[in-house]
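Asks: As a plain string of letters, each chain reads:
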Amino acid sequence: MRFIIRRLGLFLLTLWAALSINFFIPRLMPGNEATAMLSHFKGINPAALHALEVEFGVNNNENLLVSYVQYLGNCLTGQFGLDSARVPVMTVILRGLPWTLGLVGVTTVIAFSLGTLLGIVSAWRRGGALDSLLSPLLFILTTFPVFFVALLLLFIFGVALGWFPLSSNYSVGEAPSLSVGFISDVIDHAILPGLTLVVTAAGGWIYTMRNNMVSTLSEDYVRMARAKGLSPWRIMLDYSARNAILPNLTGFAMQLGFILGGSILVEYTFSYPGLGYLFFTGTTNHDLPLQEALFLFYTLAVLLCVLVADFATAWLDPRTRDA
Amino acid sequence: MASPQVFLPGTRTEAVDQGYRDAAGRLSRAILRNRKASIGLLLLAVIVFVAAFPGLLAPGDPQAAIYDQQLGPSWSHLLGTTQVGQDVFTQLIWGTRLTLLITVSVGALCTLISVLVGVTAAYVGGAVDGSLSLLTDIFLIIPTLPLLIVLSTYLEGSGTFAIIAVLVLTGWAFGARQLRAQGLSLRTRDFLEAARVRGERRPYIILVEILPNMLSLVVASFLGSAVYTVATAAGLQFLGLGNSGEITWGTMLHFAQQNGAIESGNAFWALAPGAAVALLGTAFALLNYAFDEIANPALRSVRRRRAKSDS
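In order, the protein sequence lines correspond to chains A and B. Here the first sequence is numbered in this note's numbering, starting from 1003 and rising by one per residue. Here the second sequence is numbered in this note's numbering, starting from 2 and rising by one per residue.
Just chain A, same shape as in the assembly (with noise of 0.2 Å):
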């Protein structure tokens, strides 16, 4: 219980950090970004300009706690003001979303599954072919960057081979709806930046898991069960790999910030229009309320993911519970 509510402390906290970061930066930064910014917004809807002045300190005339005080608010109630293009960030955020969502979804749990497997067979074979095989290339997937990974794969995959489209969502002229033809289109543009999600984001886990595992191949309970004579696969995946598992999943949440970080140079190198992309160009068309509402999405993401992983890691590790 005291687990669970610390966990909860750290998630309010470090949620309340993300906010006071957007918040203050502007105003603690030299420049005039946010009344450059603000000219973008001449005659707009005054409630909606008075939301953004709030956020970014232009009128000065404001006690500063008030303003706070009123962003917390304005956040909590999803008001993140108007894009340069005068739509609400809201909508654009939500445009962007389902893609993203798709692309680090899907890619997480087939990278996490895949990793936690190779790791595990890769430690039982100590020093045989595929732990052989796995530790140079483990170097390569764990240190090639995310973006050289993806030009990589654009170059051999989209541009040398044409197998794959080099760019975009679906194909121009296709209109979205649920026919075969449709969603085969739309994983065959996908498979490109998923693939590079895949490749970089597996190697932590597979790194993790083999070296846990190589622990707790040594521990005495699985000597004790090779000394009863129980099978391979039992002491394999009920004894060491089940105890091997929990700092994988502990982990999961800065691998989880690795891959949203990921995704966003991805999906600039393949133009693929999700949050990422957006985050992009919100930034070269200075587009603050768009990147600050970017901002704290992938920051709630990676806290929710963080608690689901604690939840589970009390759930399965009862020493975790009264730490």
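Some hints here could point you the wrong way.
[Unchecked claim] Across the chosen pairs, the derived CB separations fall in these ranges:
1) B:113 - A:1318: 33 to 39 Å
2) A:1097 - B:84: 30 to 36 Å
3) A:1134 - B:199: 46 to 52 Å
4) A:1318 - B:136: 27 to 33 Å
[Claimed, not checked] Derived coverage of chain B by chain A (criterion: at least 3 residues anywhere in the stretch with Cβ under 8 Å from a Cβ of chain A; other residues may be distant):
5) 138 to 151
6) 254 to 268
7) 273 to 279
[Claimed, not checked] Here are some chain A residues the structure puts well away from chain B; computed CB gaps all over 10 Å:
8) 1092
9) 1119
10) 1193
11) 1201
12) 1226
These aren't lab readings, by the way, just hints derived from the structure by calculation. A quick note: this is a predicted structure, and the numbers were derived from the prediction, not measured. Glycine is no exception: its CB is placed at the ideal position from the N, C-alpha and C atoms.
Start from chain A and add chain B according to the hints.
Replies: Just chain B now, with coordinates in the frame of chain A:
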């Protein structure tokens, strides 16, 4: 871990030197015996050489836009030319210096902050530990790249120092957590108790007793930060943030991508700096990986396991 050192009466500096010399000696022997570490070191040496003497390999001005634009690879332009007619190979060679400078400074500064925060938290304990650990956790959870993007927007055009500053701000937390954990495990050791009983002062205990025993973790923390920096700095520059006006591998990638280098038959313009970033990352990662093995003998591969002489 090292056996506690007993210092006979003597000058303080001698004791300090001796403690570090022993730890450093153990460390360098371990590096030379490890194949991954040797390869990493060799790679790094080549990159440092290129950074030190770029004029030997590419005598020319990397910024000079004096050639035809967007040429493909040829003998006179090994990697082609850019959208304004600069030689890509010359840029690649001269970009090494700033790329390496950013990596090493961010790595060193991150490590410094990690050591300060981690060791203070572990050694002082109590409320100080509580608040420092909380701060560390918050920085660990907030996703790095989105935070960097938000910070860099306001620093646009401010150059190398700005990008170093934001990378340090977002990169120190991981090392701090590891060093705190190690510091906690050292805190109750007998040799520290002995130092306290001898009446040594805190700075002495931290510098002479604790840090030499954490040296391998400090080095590992530097290497980890360097790996992080190589990829993150390049990623940020790839998006066109940070120091776009200067030539680094990351900014080269940005202009290549903006001009559709891959699609328009000039793929090396993007792939070469990308590979260079990957190579630098690999050099640090190899060293880091080797350090893990040195610090944790259980991870060494079975066939090559040797007698544990330095664990």
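Asks: Given that the region 273 to 279 of chain B was listed as covered by chain A, double-check it with a C-beta distance under 8 Å for 3 or more residues.
Replies: Coverage by chain A holds here, the residue count being 4 at a Cβ distance below 8 Å.
Asks: Test coverage of the region 138 to 151 of chain B by chain A using CB-CB distances below 8 Å; three residues minimum.
Replies: Contact hint for the region 138 to 151 of chain B vs chain A: holds, 12 residues under 8 Å.
Asks: Against the range 46 to 52 Å, how does the distance between the Cβ atoms of residue 1134 of chain A and residue 199 of chain B compare: consistent or not?
Replies: 50 Å, holds
Asks: Quick check: does the Cβ-Cβ distance between residue 113 of chain B and residue 1318 of chain A fall within 33 to 39 Å?
Replies: 37 Å, holds
Asks: Does the hinted range 30 to 36 Å hold for residue 1097 of chain A and residue 84 of chain B at CB?
Replies: Given a distance of about 31 Å, which is inside 30 to 36 Å, the answer is holds.
Asks: So is residue 1226 of chain A really clear of chain B, every C-beta pair being over 10 Å apart?
Replies: 19 Å, holds
Asks: Against chain B, does residue 1201 of chain A keep a CB gap of more than 10 Å to every residue?
Replies: With a cut-off of 10 Å, residue 1201 of chain A remains clear of chain B, as the shortest Cβ separation is near 13 Å.
Asks: Measuring Cβ to Cβ, find out whether residue 1092 of chain A lies farther than 10 Å from everything in chain B.
Replies: 18 Å, holds
Asks: Mind verifying the non-interface call on residue 1119 of chain A? Its CB should be farther than 10 Å from each CB in chain B.
Replies: Nearest chain B Cβ is 20 Å from residue 1119 of chain A, so the label holds.
Asks: Starting from the hint 27 to 33 Å, judge whether the C-beta atoms of residue 1318 of chain A and residue 136 of chain B obey it.
Replies: Holds, since residue 1318 of chain A and residue 136 of chain B (Cβ atoms, about 28 Å apart) stay within the stated range.
Asks: Quick one: work out the minimum CB distance from residue 1193 of chain A to chain B and report holds if it exceeds 10 Å, violated otherwise.
Replies: Holds, because the least Cβ-Cβ distance between residue 1193 of chain A and chain B comes to about 17 Å, which exceeds 10 Å.
Asks: Examine the region 254 to 268 of chain B: at least three residues should have C-beta closer than 8 Å to a C-beta of chain A.
Replies: Holds, because 5 residues of the region 254 to 268 of chain B bring their Cβ atoms closer than 8 Å to Cβ atoms of chain A.
Comparing the model with each numbered hint stated earlier shows that all of them hold.
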